[in-house]
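Engineer: Listed in order, the protein sequences are those of chains W and X.
Residues 1 to 225 in UniProt numbering are what the first sequence spells out, letter by letter.
Residues 1 to 420 in UniProt numbering are what the second sequence spells out, letter by letter.
Worth double-checking, as some hints may not be accurate.
What the hints assert, rightly or not - Cut-off 25 Å, straight-line C-alpha distance, at most; resulting in silico cross-link-like pairs (SDA-like, lysine to any residue):
# : chain 1 : residue 1 : chain 2 : residue 2
1 : W       : K221      : X       : L321
2 : W       : K81       : X       : F241
3 : W       : K221      : X       : D279
4 : W       : K202      : W       : F189
5 : W       : K81       : X       : K286
6 : W       : K153      : X       : A32
7 : X       : K286      : W       : P152
8 : W       : K197      : X       : L321
Hints were generated in silico from the structure; no laboratory data involved.
Bear in mind the structure is a predicted one, so any value in this text is a computation, not a measurement.
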Amino acid sequence: MKLLVIEDEAGLRESIEEYFTEEGNICESAFNFGSAMAKVNLYRYDCIVLDITLPDGSGLDILKHLKLEQHTDGILIISAKNSLDDRLNGLDLGADDYLTKPFHLSELRARVAAIVRRKSFDGNNHLRFNEIDIELSAKEVKINAQTIKLTPKEYALLLYFLANKGKVVSKSAIAEHLWGDNVDTADNFDFIYSHIKNLRKKMTEVGGNDYIQATYGMGYKFNTA
Amino acid sequence: MKLLTRYNRSTIAITTAIMLVAAIAYYFAITAVLSRQVDKALEVEEHEVHDYAKLNGTLPHVFSTNHQAIIFTRVNSAIERKFADTVYRDLKDEELEPARALYTWVKVQGKQYRVVVVQSKVENEDLVKVIFLITLGLIAALLAALFFLNRIILSNIWKPFYKILEQVKAFNLADKRSIKTVPSDIDEFKELDSAVSLMADRVEDDYHALKAFTENASHELMTPISVINSKLDTFLQTGEFSKAQSKLLTDMYASVTKLTRLNKSMLLLAKIENGLITDKREINLKTLIEDSLDHFEDLIAGREIVIERLLDDKTMKVSLLLMEVLIGNLISNALRHNVPGGFISIELNHLKLHVSNSGNPEVLDMTNMFRRFKKAASSEGSGLGLTISRQICDMYGFNLDYVNLNSVHHFIVTFAPGVS
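Construct the complete structure from the given sequences, taking the supplied hints into account.
Structural biologist: Here it is as structure tokens:
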């Protein structure tokens, strides 16, 4: 997966780069409008993470430029402006998704993964990992060719973990992913625990590996090794 | 007390007092003048009697008329000459009338006679009466005129004042109507008008500056918060943590989440107050409520709370975001302040949305609950939820009411008739 992060805030840009850089991923970055335009004109990416407010221009103009040139790079807008206008504007202009700052890196990664998935598998929408085979359009999960029935939240959790393989995902991030930010997270930690317990049980019952592990009481990790 | 009443009261009291004193003085003056005139007439009669006696040596013949009589009586000693008030018997109807008498004497051929000249004062009395009545009538007319004049003049002159007052009363920072100037040719009102306008403008400027500041501040805060958040996420990947370290990290996560939510709420509030949320679309509240309940499913089940729903279809043209926030706030409040095993009842019809929940018996304080950062000591919320809900309701002209009946808390949103 080849990724471009266009973000002027150094702290955030470095974090995103670091989180995404791993075997099989290339993550590049641009810190302003000029360097971003230079990059998008030279290279193609699976997904571009695009900040709208840049010091020397608007991210929306980069988006417009890409669409004008008919490039098919996936685009995820990140913005501190949580206004519906911006969101609709961005999506109308052809962005694939919109994420409001602040966000958890695991959430960003899940969104990026979803965009890349949509871009690369047209029609035949399967996500495979070892013995796990997910048919995304039908939301059907098979392990060792055996279908397991998951609740919507368990299904969302599984996709979330698969997008963040090998990463420790905090409980706050999981709670926000499952319930949005309207719900008191502390109340939900117990529910996360029971959802994950059920998910693990359903997967191991049909002979799947027990991938998900609790880590130091703060979060969970989908172990690939 | 109204200005007009106060003004009328004093002017009319003073006018009445002066008029009364004047009337009394007038009465006495006229009476005195008329009395003197009668006395003069009596003296003329006396002279005539004296002249006649001197000339003819006999007493004159007298005829009693309707208002005058002269009576002669033989006396031995001299009597004192004096005027006196007396009564007079009318010849015709035999009525006693007030009269004036002159007691004097006359000497005819060495004989002493007492002379009493009496003149009726009835005509004078009538005159006084008429004058008095006219005066009274005048007083009444004057008072009435004063009363109505005051009323007309006052309400005309003070019209600009009442207009300004009305505008000040209706002044609301949230809606954009500013105070219009009220023209007047009275200096005091001109001054008042410009002072009020100036004050309103200044208040409005300050308010907008403050709102803009809140919005910008919340906005600017989002970037550092998102950096902290991403650094925490990154830090989490760095390796093994001890129990104490992971406790610290968990607490940091919790605080950052709280900070984020608080900041988002402040930003949303500032946006609503600045009128920046203008999108409108057809929204089915019933669907929205059901989605929201699904969202809270785990929490509801976890606390064994029973949901009663009585939902009619209700669509209105409003902002989706704001309606989601409003419904989310009401339901999450009903959940947060509930008791395990309690209930939440949600009723929606074309008139209102009614969310009630079981909870603590304490009655919430109506005046404080919609204020910023006012919350129960036990509440985990940001303290902005109800303020935002109130703002959203205000924006669409809805009413948001709270009632507590037998430890059941009711929140009722009454929809505006216009928005449907």
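Engineer: Are the Cα positions of W/K153 and X/A32 separated by 25 Å at most?
Structural biologist: The given pair, whose Cα atoms are some 113 Å apart, is violated under the 25 Å limit.
Engineer: Need the status of pair W/K81, X/K286: alpha-carbon distance at most 25 Å?
Structural biologist: Outside the cut-off at roughly 29 Å; violated.
Engineer: Quickly compare the C-alpha distance for W/K81 and X/F241 to 25 Å and report which way the hint goes.
Structural biologist: This hinted pair is violated, its Cα atoms lying about 35 Å apart.
Engineer: With the threshold set at 25 Å, check whether the alpha-carbon distance from X/K286 to W/P152 stays at or below it.
Structural biologist: Satisfied, since the Cα-Cα distance of roughly 22 Å is no more than 25 Å.
Engineer: For W/K221 and X/D279, compute the direct alpha-carbon distance and say whether it is at most 25 Å.
Structural biologist: violated, 41 Å
Engineer: Compare the distance between the alpha carbons of W/K197 and X/L321 with 25 Å, and conclude whether the hinted pair is satisfied.
Structural biologist: violated, 34 Å
Engineer: Hinted pair, alpha-carbon criterion (25 Å max): W/K221, X/L321. Please report holds or violated.
Structural biologist: Given pair W/K221, X/L321 is violated - Cα atoms ~33 Å apart, limit 25 Å.
Engineer: Checking one constraint from the list: CA of W/K202 to CA of W/F189, max 25 Å. Satisfied?
Structural biologist: Holds, at about 20 Å.
Consistency with the previously given hints fails for numbers 1, 2, 3, 5, 6, 8, ordered from lowest to highest.
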